[in-house]
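Undergrad: One-letter residues, chain by chain:
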Amino acid sequence: MILNVLFILSILFSGIYSFINFREFMDAYEVAILVFSVPVFIWLGYFWSSFRKLFLAIFFLTIVAVMIFQNDLQMQETNFFLRYFLSSQSMIMWMTFFFPLSLASYLYSSIKSNQFSANLGSNFSWIALTTGFTGLMVRWYESYLISPDVGHIPISNLYEVFVLFCLITGAMYLYYEQKSQTKKLGSFVLIIINAAVAFILWYTFAKNADAIQPLVPALQSYWMKIHVPTNFIGYGAFSISAMIAVAYLLRNQSLIKNILPSEYVMEDLMYKSIAIGFIFFTIATILGAIWAAEAWGGYWSWDPKETWALIVWLNYAAWLHLRLVKGLRGDILAWWSVIGLLITTFAFIGVNLFLSGLHSYGEL
Amino acid sequence: MRFAITMLSVVAIASIIGTVVKQSEPYNNYLVQFGQFWFPIFEVFDVYNIYQAFWFLIILLFLVVSTSLCVSRNSPKIIKDISRFQGSLSHSSFKKFKNYYEFSSDKSLNALTEILNKAGFRIKASKDKDILVAKKGDLQKLGYIFTHLAIIVISIGGILDGNLYFKLQESFGFKKIESRNLKFSEVPAESQLDIDNFSYRATLLLNEQEKNNKALLRIKDGYLVQHLPFEIKLDKFHIEHYSTGQPKAFLSDIKIRKDGQEFTETISVNKPFTMDGITIYQSDFQDGGSRLDLTLMDLFNRYQPINLSSEVYKQNSFNTDQQEYVFEFDDFREFNIFQIEKDGKLKTQNIGPSVVYKFRNASGQAVEYQTYQNPVPENEKFFFMSGVREDLQSELKFLRIPADSDLSLQGYQTFLKNIRSEELLLKNINILADQASSLNSVEAKENFKKNTQDIFNVYLNSGYSGLAAMIEDTVALENQESVADSYIKIIYFLAESMNQQLIINNTVENDFFQDALNAYSDSFFYGDSPFLILNEYEKIYASGMQLTKDPGKIWVYIGSLFLVIGIFCMIYVQEVRLWLIRKSPRSYAVAMASNREHIDFDNYCKNLTEKFKAKE
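Protein chains in written order, with this note's numbering: chain W, 1 to 364; chain C, 1001 to 1616.
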């Protein structure tokens, strides 16, 4: 009860505080996004009760960080708590610490059938989510401390969206974990999250990609706030389904036969994550088209990123068609879902690496 | 259906090819890339403009038609399904269902009906009072119609905005793509499109203060001229910067004139302006012929500095005693953002203007140069920088001339004049020889003077690389390093003593001579171009705008909305058919079926049965 009240109050506080203090810096669309996000977050808490705790933890940690900062960016060097815990880079580093721990715990629990270790795996993932999301929130704030015109939502370059990918995929996995009441798939899903974590670490230390950069003119639009997260819910869901598909395909291997949930559960989760991913990916592509019409003068320019989004879309449309209309089940769909992830990965990173086009924000 | 899937796969593969082969490049690039043999073959299949290829559009059109047929064939069946109930089944046949439950309950059949109503079921009254037939989730079937209709609507919108209309006009010979480089006014009528053209994406490049009422439509390796219902004038183009120097905004102040009325607008990226169904976008910018005031300085001091007033894109020439040189400016960049190390940290900084030009030597071969106006900081020192490359694929190689204490080129110019003065050289060699105590005979002294002069002249005529070649030819391998060392010392000593005046006047600081000698030596790879000193400039921009007329857009959006609703219905609406039978007053049997039976459905059936059983 107290939790519910705190949850709703914290959302209302965030919404109203932002509305009163920052309204003059936002255009009408951004105000609309702010107002709309209040019921969306409340609904999320209603839909998934664990989200309330997560939100409250992020909320309080962010508030504490902002209070310690006192509008002075130098504090992240001088203040002990900011330097090692609450500054955005530290928080994200903590995320990259807890996700591997989580994977290790899940793996140990799979091998030894140890329930305690499985619970530990979940909890480490929850901590990783809390630190990662807090990191992004604080990063948002820090970007405004650099200079008010530099400030922007931290989903604008490859480093930031990789963090977002880890967090969204982790959150969706934890939701399914609770819903299907099995922690046995953690060993699989956490692999893809940790692959992204490895990339973040390499990108941070080899390329210094964690520095906050101002936005290029093409990205200065309220559309970014909705297009990018929507897209990453799609990417995250497709990744989860592919990793479950891997587990599904290995279900008859004698070594790991006993550590997997039932075939039925895996099949069902595979479908559910592709279904939710497909809806969000469809919406994201449409939002992208509307944004493109506003920024580039055409809702569809056959830009490589757009074209590959279409390929990804056609791929999962065919997948759903086969399952829903033709009633296909089993190994073929599982393989298809794994290949789907390869296509999605290419659309996400490969296009930026190998092909040139309008979406050139995420070059390595 | 099978054929449609094949065609869809062809579209997918063609789309992928289109992402790998860069689209709509000048055809020459493809010729270079693919060679004489493949270029015409790919051209036949329109690989260079694959998304506008006739065969590609025909396949898309076929898919639209086949989807339409599919919808028109299936829709009546679906609508009938929705309006009709499933048949009543005998108890023995629905016993076989996976979700079949028998239960006893205090509730009456009416009470159960109530529960079903609340759960969203529609119920058919049956003749047999003991049997209930119910169903829910018809929206799922509507989802099929929605998604397929959506794809048709989106495609129609896309076709409206495609250039199918022009393609038809072209194939009947009414219109023709122009590929010659002509002024807009000289383009023949068959390559001009009038105001009524209902959809296009044209570009318009205007210099500041320039105006036009026609825009350019690029197609394949040529273009068309698109007439606009208004005239656009570019007043000014500006770039706003972040404090770090990176660009923050690109803005064009434009005036639109129509029927004697004038509208003043500012467009920028993400903030276009729409008028008469035509949306005007900021798409790119370039130099619009900036005015430059320059001094040309020969790097070997063979001729006096030349003053020159010019413009970007203008060809220039100048004469020296030996020959005539020609060069043209390609670009003038007012801002150049560099990553500069400061206190161990990389910082972005704007280092000011640069000019890009092509310099032609006697044989007419062009070499590209980029020269920065201001000295660039490097390790607490400042250098005047100019990059050179012979082909556009390679990196620029930089000539770095040290700045003097006033951050000017004066110091280096004096240095250049002095080291090339024979009189000064002889004087300083004499001083050097007099100081050397080891030279006790007159002969040895003369020998030393001659050798030293030779060494210095080799450096003057071919730089350090000339010296290295000379040492390799004349000195035994084991001594080369020590000899090179002493030569460099001699050259350094002479250069310094020939430029005493610079040191006395405090014109230069530490390391200046080292850097200046390096710069002089590097001048030999720099080529024929003199060093360009930019004295003053007036920046003039050209702004690239895009003009889009897309009446199909609204249909694409409406279709997209239907697509999302349709997908949502198809995925998340659970279709259920239910039969319920009262076997005896308090004992019932229920069976439920769906076209999709998964875990959720099983749970759903269980829960519903629990509700039936529950006590009031």
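Honestly, the hints are just simulated from the structure, not real lab data. Misleading hints may appear alongside valid ones.
To be verified - Below are the DSBU-like pairs computed for lysine-lysine, each with C-alpha atoms no more than 30 Å apart in a straight line:
hint, chain 1, residue 1, chain 2, residue 2
1, C, 1358, W, 257
2, C, 1214, C, 1345
3, W, 326, C, 1211
4, C, 1233, C, 1539
5, C, 1136, C, 1211
6, W, 179, C, 1583
7, C, 1255, C, 1183
8, C, 1314, W, 179
9, W, 326, C, 1136
Undergrad: Now look at each hint and say whether the structure bears it out.
TA: Against the structure, the hints:
1. C:1358 / W:257: violated, 69 Å
2. C:1214 / C:1345: violated, 50 Å
3. W:326 / C:1211: Judged against 30 Å, a Cα distance of about 60 Å means the pair is violated.
4. C:1233 / C:1539: Answer holds: residue 1233 of chain C to residue 1539 of chain C is near 18 Å, not above 30 Å.
5. C:1136 / C:1211: violated, 64 Å
6. W:179 / C:1583: violated, 36 Å
7. C:1255 / C:1183: Given pair residue 1255 of chain C, residue 1183 of chain C holds - Cα atoms ~23 Å apart, limit 30 Å.
8. C:1314 / W:179: violated, 71 Å
9. W:326 / C:1136: holds, 21 Å
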